[in-house]
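Q: Taking the hints into account, I'd like the entire structure generated from these sequences.
Residue numbers (our numbering), protein chains in the order written: chain A, 1 to 517; chain B, 1001 to 1361; chain C, 2001 to 2361.
These are computed hints drawn from the structure, not numbers from a lab. Glycine included, each C-beta is placed from N, C-alpha and C at the ideal position. Hints may be right or wrong, so weigh each one.
[Unchecked claim] Pairwise CB distance ranges, derived in the manner of DEER restraints:
no., chain 1, residue 1, chain 2, residue 2, range
1, B, 1083, A, 403, 28 to 38 Å
2, B, 1131, A, 354, 42 to 52 Å
3, C, 2054, A, 245, 49 to 59 Å
4, A, 375, B, 1083, 39 to 49 Å
5, C, 2172, B, 1312, 50 to 60 Å
6, A, 423, B, 1081, 44 to 54 Å
7, A, 403, C, 2159, 37 to 47 Å
8, A, 195, C, 2083, 34 to 44 Å
9, B, 1107, C, 2211, 51 to 61 Å
10, C, 2172, B, 1107, 44 to 54 Å
11, B, 1116, C, 2172, 26 to 36 Å
12, B, 1116, A, 423, 37 to 47 Å
[As the list claims (entries may be wrong)] With a straight-line cut-off of 25 Å between C-alpha atoms, the simulated DSS-like cross-links for lysine-lysine are:
no., chain 1, residue 1, chain 2, residue 2
13, A, 38, A, 188
14, C, 2215, B, 1006
15, C, 2088, B, 1006
16, C, 2088, A, 510
17, B, 1197, B, 1234
18, C, 2007, A, 223
19, C, 2218, A, 482
20, A, 188, A, 482
21, B, 1234, B, 1314
22, B, 1197, B, 1214
23, C, 2088, C, 2303
24, C, 2007, A, 222
25, A, 153, A, 25
26, C, 2215, A, 222
27, C, 2005, A, 482
28, A, 482, C, 2007
29, A, 510, A, 188
30, C, 2215, A, 482
31, C, 2005, A, 223
32, B, 1314, B, 1197
33, C, 2303, A, 482
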Amino acid sequence: MWDKIKDFFKSNNFINRLDLEAEEKVSSNLEANIDYLKDNLAPSSDLVFRSFHIGQKKEIDAEIIYFNELINADILQKEVLRSLMFDLELDCSNRTIKKEINDTLINSTIPIGELETTQSLTKALEQLLSGDVILFIEGIPKTFILGIKELEKREVQTPQIEAVTRGPQESFIEPLSTNISLIRRRIKDNNLMIDIKQIGERTKTDLAIIYIDDIVDQDIIKKVRDRLESIEIDGVLEIGYINQSFRDNWASPFPQFQTTERPDKALANLLEGKVVLLLDGSPFASIMPTTFIQFLQSPEDYYDHFYIASLLRLFRVAATFITISLPAIYISLVSFHHELLPRELALSLATAREGVPFPSVLEAFIMEISLEFLREAGIRLPGPIGQTIGIVGGLILGEAAVDAGLVSPPMVIVVALTAIASFVIPSYSATIPLRLLRFSMMLLAAVFSTYGLMIGWLLILIHLCSLESLGVPYFAPFAPIKLTDLKDSFIKFPLKFMGKRPESTPTQQKKRQPDKE
Amino acid sequence: MQNKIKIITLLLILMLIVGCWDVSEIDRTRFPTYITFDQKADDVYRFSTKIPVLKEEAPEDVSNFRFSGPSFYSGFKDLQPRVMGKISLALLRIAIFSEAVAQEGLKPHLDTFLRDPVIPGSTLFAITPGRADEIIDIEVAPTNDIGEYLELLFNGGTDDLILLETTLNDFFISLLTTGVDPIIPLLKYGTDDMEVKGAGIFQNDRMVGQLSEKEVRALTLVKEKGLKGEIEIKVEDEIVNYYIQNNRAKIEPSSKDGRLKFQIELTLDVDIDEDTNFRRLIDSPSTIERLEEELNSNLKREIYLLFDTLQELKSDPIGLGQITRAKRFDLFDPDEWRQDFSRAEIEVDINSRIRRLGIAT
Amino acid sequence: MELSKIKREQISNRQLIFIIIHNAVGTGFLSLPRSLAEVAQRDSWLPVIISGILWSGGFFLIYKLAIKFPNDTLVGYSDKIVGPYLGKIISLSYILYATLVTGLIARISMTVLASVNLPDTPIPVTLSLFLFTGFYLVSQGTKALARLDEFLFFGLTPLFLVLAPMAFNVDWINFRPMFQSEPLEIIEATYLTMYSFLAVDIMFIIFPFVEEQKKALKSSLIGLFIVTLTYLFITVLVVGFYGIEAIQYITWPTLSILKALNVPFFGRLEFFFFFLWIAIAFTSFAPYFYISSYGLADLFNFKHQNYSSFILLPIIAFVAFFPKNLLEIFSFMELIATVGLALTFGIPLLFLTIIKLRGLD
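A: So this is what it looks like as structure tokens:
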């Protein structure tokens, strides 16, 4: 059934796409080249064809083509057009023109750095679409591609989602070039590989595959490339598209790749032998392969003292547990197994629940769902109002519900604790499956109490154990146990003991720092 | 194909989730904290219990129930329709038997306690002379929950050697094991309090006699290890209070002239808590020795008295039989054990050491 | 079996240890101390050790056989050794046996669940949830099974320490005098422990997936050693707590033992232990499901074990409902254990002899 759906999408999405497979050569006839472009491009208003004559004697026809919103017009006029029109002095004997223009143009006339020539019209078209200026000259079977792009972008800002108190306060932004610079600036290693590919049949978005060549495992790189090849999609808007089409198990709620907006996190992962993907237009980097424990690690852990880091890690593990199962535990204790409660607690819970009309399952569902509503509303509403809604919703709604006798105070505590716990986990994408699973755990606990709870946990564990991210076991270092990796899992050892890279992800160099001789 | 199977199974699971069979919401469940057992009249046992009332506006006396039936469970079943909500014995703290019931035998009542998984094994047992259901009329301070009161009385961390606690599990094990008999503390009701007064001793499940407070104290000293508690002794018409920090008893069975002989060696570490004679103990080892001597001889007398009572009643709550079986298998005869025990010779040797004197003497 | 599948589902030797441990420790140990105490009395710890030594012989035999066919399961090499027809019969009987064990473990788990935790929930409902979870695990392959066992071992062992406080309540007197049982009683008791030790035969199916097959014997013996140690610990704990007479009245003494403990602020430990035990029972059930499913898939050359699991589900459910009551379950258990013993020792001995005679080496 799934295959059919896939086929359906495949056949519909790419009906009209441009067939770029057949390469078209640049002809020496200017008109022919321009006609080709006009045939293959929709007549947009921002597309500019500018004809002019080269050189002081104005003898040779030339044409530049560009999208006027994508380029720096200043540079085009001052550096390109001016030099071509006025500065160039040409000897007009037709025989030498080819070689001469070629050499002079590149070597001496146009003072810009990014200049290449190509004989393929197809490539010229692609470059044009991605914002370069194309120059044709009558009689020369070549195009000149001038890289004078200028794109609108915002400043590098502080991380919004993965904010830390200690640590670099820079985050990725949309343009790929800035993001690459953020990484390149931090690692001056000659083995850092940045490989840019285009992805998306229509959008042709740039995608950078970044890794350190002598650390990363070749199998992993090969898998990344293979899967990139196999992606068939018309447009890629965000790195999430790549993550979703990449995953080993499409049905799993767990994120199989980590996304981050922090360059330092990306860098740390590069050093551990992982591959970082950056997509033009997306302020997030995708890190692969990923293990589950990475979602509980925050960059701060490595910058702070290891005692507090270990303590925080333990808290995060506890928070994960609470996020998934606290409401379910509450239900199974209150609706089924009173004997598991200490005596005083049992009596006070019974007193608190006295008069609540709903069974505890329904109560829990009402509260959890309204909490999820609040959370969504808080994101959609503009900043200050969002915060107000959080406070108003949380405080007033909870208070009123308790006063009205709709829910019991312990339930409010449970739900609030669960919500707080879900924010303790540093990675936003990791809390999504936990929130989903919470509801199914609640259902299981409502029917089977502790038995359902344990079965639910077993199902989650089986799923985590069977998951793999690019062939790396997702639940490592817990299953399979990697003893050496446990030092950076639910506790964090001092930096002194971190001499080896994590074993769960295969690498070429096991040691971070090779032995000095 | 594989996905279809998965979807079908998921649907099946979802269909199962329409029913909740075992739900009993905590606010719709009633938790009795104690149960009393009284002797048969007109062929039915009489029971009473108290169920804490959680609604604030409820009248005070709706929570006491008397019920009766030919057995505990049938009586309990009859109680259910009279009580709003399902009764769960999960928080049961104490079961109090009247002396008459205990003399008839506790086995018939024990079965429900063991069969039901929710009843805690740490449920306490107690015996009361007279009628057990008079407990309803007692209003103890500072709580109106007698179960909680009694639990704190036994487990509240007070150091008293006569607070012998017998739980369901202890009773069950000592009842079924040959060579040891159960013992249950004796609880006396007052008007607004309760008091532990000695203990009832058993032959199998039948109560055959009582031990006084002093005898219980001697018994716990011999039977258990690592006790803490006060012992008060009269020395020259003045009162001396010893605080027991630690005790070890060593029981060695042997045979002498065809009779069993038990050599009991008791070692005590004690502090002096009070000495009304105002003796100066610093620099006077002889006085300390004297106090030790007094304690030894007094305790020895008490233990001999205890064994007189036990041997007369042919009941062995200390488990001398078990010890004999373990240490001298040839001397132990399970069928003749009570006879052998009652004729056995007991020799007690006490060795006490005063360790601490307090900050001024 | 195809090499690509073997490569894909390879497990490490360490994981083999945990699979064996979890496979063995499951439902048997709940009633093991009782049946041991019934027969071997005060020497009930002895049969556990003897069994451990005995079953290591089983491991040795299977290892000797399996190492000759490193890429084959029992289904594969029985064809090669005794020919397609007899080979198929032997493999099928082994698969049938594994299916019976699967059903029986599921039934016992659900019976315990119903009598301790969810008395009103229909067993078919709880059973189908259990089977579904098992089905899901088996569909994820050998690696998932191995990783789950590995994780749960480290996850559950610290939690197993809830039993540790009971060690203080062990009365060593219950084991004295030692060595009083007849040799015949010890042998009978050893026979009774067999059901608890059924785990050796997983080597018939899982062996080709083991990474370093030369060291498989060592790993499996380590696993067996830990299993023996666990049983020894539990037997000593439970028999030492209840004594050999009281224990006979308790259906699942290992579960009930925590009833005696009254832990402040924590409620009741036995239900907490029971909660953990569900996972233990599941990990003992799943490997047998895995054996029968993989065996069947191998026998009929299914592309994926899901098909065979799907066929097996109704059979397992049928087996689970076959015994009428608890007594039948226990007698069924003994019967199956005998079959298991015969298969574990019989098949390798038979095959090794035939290999010797036919010179197949």
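Q: Hints first: check each against the structure and report whether it holds.
A: Right, here's what the structure says about each hint:
The supplied range of 28 to 38 Å is met by residue 1083/B and residue 403/A, whose beta-carbon atoms lie about 30 Å from each other. Under the hint 42 to 52 Å, the C-beta atoms of residue 1131/B and residue 354/A, about 33 Å apart, miss the expected range. With their beta carbons about 55 Å apart, residue 2054/C and residue 245/A fall inside the hinted range of 49 to 59 Å. Checked against the given bound of 39 to 49 Å, the beta carbons of residue 375/A and residue 1083/B, roughly 43 Å apart, stay inside it.
At about 31 Å, the beta-carbon gap between residue 2172/C and residue 1312/B misses the expected band of 50 to 60 Å. In this structure the hint that residue 423/A and residue 1081/B lie 44 to 54 Å apart at CB holds, the actual value being about 49 Å. With their beta carbons about 40 Å apart, residue 403/A and residue 2159/C fall inside the hinted range of 37 to 47 Å. Our hint of 34 to 44 Å for residue 195/A and residue 2083/C is violated, since their Cβ atoms are close to 57 Å apart.
As the Cβ distance of residue 1107/B to residue 2211/C is approximately 59 Å, the hint placing it in 51 to 61 Å holds. Separated by about 28 Å at the C-beta atoms, residue 2172/C and residue 1107/B break the suggested range of 44 to 54 Å. Taken as a hint, the range 26 to 36 Å holds for the pair residue 1116/B and residue 2172/C, whose Cβ atoms sit roughly 31 Å apart. At about 43 Å, the beta-carbon gap between residue 1116/B and residue 423/A stays in the expected band of 37 to 47 Å.
As the CA atoms of residue 38/A and residue 188/A are separated by approximately 44 Å, the hinted pair breaks the 25 Å bound. For a cut-off of 25 Å, the pair hint linking residue 2215/C to residue 1006/B is broken: about 38 Å separates their Cα positions. With a C-alpha separation of about 31 Å, the suggested pair residue 2088/C and residue 1006/B falls outside the 25 Å cut-off, and the hint is violated. Straight-line distance between C-alpha atoms of residue 2088/C and residue 510/A comes to about 48 Å, which puts the hinted pair past the 25 Å bound.
For the suggested pair residue 1197/B and residue 1234/B, the alpha carbons sit about 21 Å apart, so the restraint of at most 25 Å is met. Between residue 2007/C and residue 223/A the CA atoms are separated by roughly 18 Å; this keeps the pair inside 25 Å, and the hint holds. Using a Cα cut-off of 25 Å, the hinted pair residue 2218/C and residue 482/A holds, with the two alpha carbons roughly 20 Å apart. The straight-line distance between the Cα atoms of residue 188/A and residue 482/A is roughly 31 Å, outside the 25 Å bound, and the hint therefore fails.
For the suggested pair residue 1234/B and residue 1314/B, the alpha carbons sit about 31 Å apart, so the restraint of at most 25 Å is broken. With a C-alpha separation of about 10 Å, the suggested pairing of residue 1197/B with residue 1214/B holds against the 25 Å cut-off. A distance of roughly 18 Å separates the Cα atoms of residue 2088/C and residue 2303/C; the hinted pair therefore holds under the 25 Å criterion. Between residue 2007/C and residue 222/A, the direct Cα distance comes to roughly 19 Å. Compliance with the 25 Å bound is thereby established for this hinted pair.
Restraint check for residue 153/A and residue 25/A: not satisfied, since their Cα atoms lie roughly 35 Å apart, outside the 25 Å limit. Our distance criterion of 25 Å between C-alpha atoms is broken by residue 2215/C and residue 222/A, whose separation comes to about 33 Å. A distance of roughly 24 Å separates the Cα atoms of residue 2005/C and residue 482/A; the hinted pair therefore holds under the 25 Å criterion. Taking the CA atoms of residue 482/A and residue 2007/C, the gap is about 20 Å. The hint holds against a cut of 25 Å.
Among the hinted pairs, residue 510/A with residue 188/A is consistent with the structure: their alpha-carbon atoms are about 20 Å apart, no more than 25 Å. As the CA atoms of residue 2215/C and residue 482/A are separated by approximately 19 Å, the hinted pair is consistent with the 25 Å bound. Restraint check for residue 2005/C and residue 223/A: the C-alpha separation of about 19 Å stays at or below 25 Å, so the hint holds. Restraint check for residue 1314/B and residue 1197/B: the C-alpha separation of about 21 Å stays at or below 25 Å, so the hint holds.
At most 25 Å may separate the alpha-carbon atoms for a hinted pair to count; residue 2303/C and residue 482/A exceed this at roughly 32 Å.
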